[in-house]
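Spelled out from the first residue to the last, the chains are:
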Amino acid sequence: MALSDVKVLGSWPSPFVLRPRIALHLKSVNYEYIEENLLESKSELLLKSNPVFKKVPVLLHGDKPICESLIIVQYIDEVWSSGPSILPSDPYERANSRFWAAYIDEKWFPALRGVLAAESEDAKKAAIAQVEEGLVLLEEAFGKLSQGKPFFGGDQIGYLDIALGSFLVWLKVIEKISEMKLLTEAKTRCLLEWAHRFSSHVAVKDVMPEADKLAEFGVKLRAKILKARAIPK
Amino acid sequence: MATEEVKLLGFWVSPPVFRVKWALEIKGVKYEYIEEDIFNKSTLLMELNPVHKKVPVLVHDGKAIAESFVILEYIDETWKQNPLLPQDPYQRALARFWAKFAEEKILRGAWNALCSQGEEKQKALEQTIEAMEKIEGELEGKEQFFGGESVGYLDIILGWISYCLPVWEEVGSMQILNPLKFPAITAWINRFLNHPVVKDKLPPTDKMLVYFHQRSKALASTSHGNRAENGKNKNKTPRTG
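Those sequence lines, one after another, are chains V and X.
Going by my numbering, the first residue of the first sequence is number 1, and it counts up by one from there.
Going by my numbering, the first residue of the second sequence is number 1, and it counts up by one from there.
Looking at chain X on its own, in the form it has when it is part of the complex (with noise of 0.2 Å):
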């Protein structure tokens, strides 16, 4: 079998990069990784990822794969040990629209709120909330993991919860995640941290407290003068992919 090369550009700190290093090490691929400044967009990154110039981007064997989303089902279907989704095409449907819906309502829905003030924060925290309570309803009756016993797809795309979302709270003086409120997700974030490919390896608290203060203010600034004319608002997701 001819020798695969197989690399990752990310970011140090990016939730959707983070992704794709945890299914790597799940299947046991080895990688090589390399860390873009984002604010400083390499040559390289421009050409494996001209349409987005985001990171994570995945070359195997000079083929180049971006978006998180469509870098871990190749992952899934290019390493077959471990699978990532289930067997099952109801329960992948399940995965698939639970991870899109978590990505839309509570990613930048918790985005949002750390990027924006008075009622449009409140109503950005009031909306998160409400769409972390569907999440929560997902994993009762589960066992470990929503994947079951084992780490599966929808774990990897919700893990940025687990390191993220708290230093967002801390950030933008925010609760998302009250413990009473969301017993199954509390629990499910500390098996998420001990699992062996997950433990240690997460960026420093106190690094990512000093980069979401400065991200959230920056974004600020700029938000209002941002804000497109049919009101949406534009404020950039760290959807570094």
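Pulled out of the complex, with its shape left as it was, chain V reads as follows (with noise of 0.2 Å):
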């Protein structure tokens, strides 16, 4: 398959961009990455491919775009059948993995952005109580799926460790805006292992990016949201 039909359109910054980038790593598919920034107006091509909710990352595969981070992977995992399975193939075992997945994105993520975006310090120590309590219940979802195995999908990354894998290099940046660790050997042991080996991960590793260079990001990220904010609408 030429290089040019599998695109990815990203921003290195974004956690849902990993996603399919390890997906695709996974599955040992060549893609052409094409970056987008993120704090300037919004490319051609991504207006485009992606109308409805204008955000990275979109796979392009051929002429048609597929949007929203874990849509992509379980459409990777659909159509490159022949590689590693990334969803597990027992019913009840994908519907644990999705649903761990659903959490993250809905109910955890927002937590650890509320860390990043809060106005007061009230509202910084109630977001990072949520970010932990959070952590604590998938140190559990660990325990009960990985069943021994160094991964949540077993012996191979699989769907819900690139769902939270994919956040490890922001919850870094959060550990340092909130002067504390989040994973810790005391609460989150088996977690701060994990995080180790998916962080050192082939297929993993090349794309995650640099901590420091994620934390003046988020600065940056952090200024342009609370001005946004203090617009009178």
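Some hints here could point you the wrong way.
Stated by the list, open to error - Mimicking PhoX-like on lysine-lysine, the simulated pairs with C-alpha atoms at most 20 Å apart in a straight line are:
hint: 1; chain 1: X; residue 1: K100; chain 2: V; residue 2: K55
hint: 2; chain 1: X; residue 1: K30; chain 2: X; residue 2: K201
hint: 3; chain 1: X; residue 1: K100; chain 2: V; residue 2: K64
hint: 4; chain 1: V; residue 1: K54; chain 2: X; residue 2: K105
hint: 5; chain 1: V; residue 1: K187; chain 2: V; residue 2: K227
As the list claims (entries may be wrong) - Covered by chain V, per the in silico footprint, the following chain X stretches (three or more residues, Cβ under 8 Å):
hint: 6; region: 60-68
hint: 7; region: 73-82
hint: 8; region: 87-95
Stated by the list, open to error - Over 10 Å on every C-beta distance to chain V, these chain X residues come out as not near it, computed from the model:
hint: 9; residue: V51
hint: 10; residue: E143
hint: 11; residue: V171
hint: 12; residue: K207
Keep in mind the hints are simulated off the structure, nothing from the lab.
In this text, a Cβ means the ideal position worked out from N, Cα and C, and glycines have one as well.
Mind assembling these two chains? They're in different frames, but the hints should get you there.
Right, dumping it as structure tokens:
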């Protein structure tokens, strides 16, 4: 398949963009990566490929655009079915993976973002508490789902590893902002070890952003968010 | 083959619960329905869905699955007859995309419009109608349903529009689905309401009117206290699952 047949429209700070990139790497699919600048106005290509949400990531497979990171990962899993499976084969295990991925995106990630965007110390503390609570739940889920193996997906990285792992560098940035460790030996020992394994995995390590660079970006993003809020509607 | 035990924990009016019912009935799967009082949650519910403590929860041979979108995919993968999602990966991705879109922009949007007033309500209404236009566009050129000739995943996800949205419109004194503006969706609603798994199995309208009247009042009175400091509206959607 020609290189230009598969493209990913993304943005280097976005955790969601990491997901299709990791998935394509797991399937050994070559693709062209096209960078969008999140802090500037959106490109023609992005607006044309994702007119509904105007967001990255977008997977362009031939002339077909696929949007929403987890939907893209499932698409990749289904199209390149001869590669290693990303979702488990058992329907109940698949349901568990989907359940926790939805939890991460709908409940946990907003709390993480809440720390970055917090206007007051109280709001920041409340958001941090939610992030910690979520990590404790995910630690428990890891115990049940990994069944003693290195990843949520078992011996190999799977759907849920990708869903959570894509946030690991942002989590480091949030730890810096909170001035505390959120993944700890005491409360989330398994996740802490899993995080090292995930981050150093061959399909992951080259696409993860650098923590310092992301922290710098985080400062700019926070300023942008707070400024947008201050503008009277 | 071992006897399969299927139970569904639900709440009489909940849209996410109806999704699961419709899916099970399309597949011809027998199940035991257990009504939950979501305002006085049972120990069973807390045990089966400790993370969200919400309905629907599907229990299949002792295994509990929560979240209606997750349950629907589980049902489709476990019982292969009458497939809900299309076979083609790209069509599947589109169905999942529109389902997510509709949940965020239409279900939540309509609920926010119901529970708010003034400028906030107007804004929520406009955004919901804008989203509905995209769904109207998706229906054009389709045969009977989003799933083609038969009811599929996206029909089931959006099915709440057929029975619940008119009630919300009345309770909220608002119009989202003007039949003149949305002829395709209006026709789809009529076909959906006449489908054998839907017809005559919906909650009574008068009971729904009373219920949503109470809920919208209760939530409207707390919404100002609940407003998160980042300005986001914290009105709870009836995401009973």
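Hint-by-hint comparison with the structure:
1. For the hint linking X:K100 to V:K55, the alpha-carbon distance of about 14 Å falls within 20 Å, and the restraint holds.
2. At most 20 Å may separate the alpha-carbon atoms for a hinted pair to count; X:K30 and X:K201 meet this at roughly 16 Å.
3. In summary, the hint linking X:K100 to V:K64 is supported, as the alpha carbons are separated by about 19 Å, within the 20 Å threshold.
4. Taking the CA atoms of V:K54 and X:K105, the gap is about 14 Å. The hint holds against a cut of 20 Å.
5. Under the criterion of a C-alpha separation no larger than 20 Å, the hint pairing V:K187 with V:K227 is inconsistent with the structure, at around 36 Å.
6. Check result for the region 60-68 of chain X against chain V: holds, 5 residues qualifying (beta carbon to beta carbon below 8 Å, three or more required).
7. Check result for the region 73-82 of chain X against chain V: holds, 4 residues qualifying (beta carbon to beta carbon below 8 Å, three or more required).
8. Proximity of the region 87-95 of chain X to chain V, defined as three or more residues with a beta carbon under 8 Å from a beta carbon of that chain, is established by the 4 residues found.
9. The non-interface label for X:V51 is inconsistent with chain V: the shortest C-beta to C-beta separation is roughly 6 Å, within 10 Å.
10. With a least CB separation of 22 Å from chain V, X:E143 remains clear of the 10 Å interface cut-off, as annotated.
11. Consistency note on X:V171: stated as away from chain V, and its beta-carbon is indeed over 10 Å from all of that chain's, at 26 Å minimum.
12. In this structure X:K207 is separated from chain V by more than 10 Å, as the shortest Cβ-Cβ distance comes to about 30 Å.
The structure shown violates the earlier hints numbered 5, 9.
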